[in-house]
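Asks: Now for the letters of each chain:
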Amino acid sequence: MISELLINAFLVTIMLSISIALIKTRTVIFTVILTSAYSLVAALMFITLDAVDVAFTEASVGAGISTILFLAAMAYLPKKEEESINSQFIPALSCIILGGILIWCSYDLPEIGQLTAPIHQHIAPEYIRGSKEDIGIPNIVTSVLASYRGYDTFGETIVVFTAGVAVLMLLENKNPVKKNKSQPKQKFKKNA
Amino acid sequence: MHKNPILRISTKILFAPIILFGLYVQFHGDFGPGGGFQAGVIVASAFILYSIVFGIEEGKKLFPSNINLILLALGGIIYGGVGFVSMILGDEFLSYNILGSSPQSGQHIGILLVEFGVGLTVSNVMIALFNAFASYNTIKEK
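First to last, the sequence lines map onto chains Y and G. Just so you know, this note's numbering puts 5 at position 5 of the first sequence, and the rest follows in order with no gaps. Plus 192 on top of the position in the second sequence (first one is 1) and you've got this note's numbering.
By construction, these hints were calculated from the structure, which means they are not laboratory data. Cβ coordinates follow ideal geometry from the N, Cα and C atoms, glycine included. Relax, there's no trap hidden among the hints.
30 Å max Cα-Cα, derived DSSO-like pairs, lysine-lysine: (1) G:K204 / G:K252; (2) G:K195 / Y:K80; (3) Y:K79 / G:K252; (4) G:K195 / G:K252; (5) Y:K79 / Y:K24; (6) Y:K24 / Y:K80; (7) G:K253 / G:K204; (8) G:K195 / Y:K79; (9) G:K195 / G:K253.
Rough simulated footprint, nothing fancy, chain Y against chain G, three-plus residues with beta-carbon under 8 Å: (10) 218-224; (11) 230-242; (12) 266-275; (13) 298-309; (14) 320-328.
Computed beta-carbon distance windows for the label pairs: (15) G:L254 / Y:Y151: 30 to 38 Å; (16) G:G292 / Y:C105: 41 to 49 Å; (17) G:F213 / Y:T48: 22 to 30 Å; (18) G:E284 / Y:I90: 47 to 55 Å; (19) G:L254 / Y:T162: 21 to 29 Å; (20) G:M279 / Y:A51: 27 to 35 Å; (21) G:Q296 / Y:I14: 42 to 50 Å; (22) G:G292 / Y:C95: 47 to 55 Å; (23) Y:F89 / G:V277: 54 to 62 Å.
Excised from the complex, chain G in its bound form (with noise of 0.2 Å):
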């Protein structure tokens, strides 16, 4: 952990703001650019940034390792999900008009949808590389 108090008290004023920001790419990405890839590197950043300040067992306790894996699998089977799901309601695979009253806002909760889970794998793919190459030094320690 690092001692220097500046470095501490603005990577706590930062966290919140950087996760508003990601959230705010995400789903502002079919407006203006953005969307789920660097939503989800924008998010890591977030929890990477804290765990490099206050130490990588502090960002464990923050955002659990094994919450993280679960994550990482979920955002692609939010993705292939939804082409299922299109698919069961007759359509064809990640076809989505289907999805809503209309064909615009089926194609809208679609991509949405897609966005969220391209997002959730990217993020947590990242922190979980980050996790990985940081603890590897301390388990070749022991």
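Bound conformation, chain Y alone (with noise of 0.2 Å):
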């Protein structure tokens, strides 16, 4: 129990140090280190809770390919962030209440773990044995994913599917144009 506080403690204080550390930063290379670090920790934080699915995407996705997308979409992007020249109170102001009112509303959730939980108690018992029993596949995450999840991860897989194909026709959006007027041109020499 003290080995697990303090583990969980060591990772918070990482995690609040690369926060401040980031609020600090104004140069966006740090900026995009520090948040693939902050993902890297938040991975280990997924592991204490014994979500090892959860941990490892957040370990490829977050802290390894939004990274490397971020380091390639830097290079268009001003070197430095610049100041802000507006006040900041309201947005602490804002940030502190918002803080407040989530870690009040936190005293009133079951304790991490605990069996009569609501969560626990809903459809998850029917899954546990489900898994088992009619998919045969020892592991819960992909059968609830796959199986019982399915159209939810239909709808996952056509959204990053969507995503991925509308930044391709903002980004390429420029080449077929130069294409088209070159072609019109040379068709128009070989008839002459």
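Combine the two chains into a complex, taking the hints into account.
Replies: Dropping the structure here:
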């Protein structure tokens, strides 16, 4: 119990210091790298909560590929973020109020891992039983993701697809216009 | 292209094991942590690493853009196709029980195919996004 507390305190301290550094830094590359480090610590946090699948996704997507995409996109950004002229008082106040409300609400949450919590009573027992008997797969996360919640995952795949196609259309917009302009000219020359 | 031999040789050594690990995560998702989303990202990272070290043109030679775009759409089609096949065979959309000889083997086949579709779409979207960002600069310079 004490070791768990120590690990959690350690990870939360690292996360807090990374977020403070994120607020302070004005260099874009440091922001990208610190965001990646934050994701990696978040992945460790998920492991302490025994959510290995989520930790795996956070480590590969959050810390891995999104960092690469940020770095690739960073080439089109100015190197330094401009200092904000506006007053920081109202954003800080709203953050503190929202954070206070969230902390206040967290006292009503059931303890982590408590069996009588509503989330473990609703439909989870059915999935835990059915994953072994109906689907025959040891990993309950996969059976929920791909079979019980197949529609949701289908939607997620389509969202990834649509987002990818949208970004491709935005970025490759300039290329086909140039080609279309040059092609008729060549044809014209050949005819002449 | 990077001239540093350590980067180039370690990329060539790492390329195959990264893809092997991606495939392991893809097809081992039923038994351990993993699945289509994570595996897709891992496989994409191998191709992106190659593109970073050897240049975007070499990366496009290794994995042509038109194949990339076809596979990007094919993943979603495989996912939806599994749903329609189960509908044609007389069950509900995305209900895998009817795909195999027993409900359990049907579920197994369905989940494997569906995860494969997810992995295909995710990995190709990531590669396409990286290529688009990386080659946007060269278009601008021309």
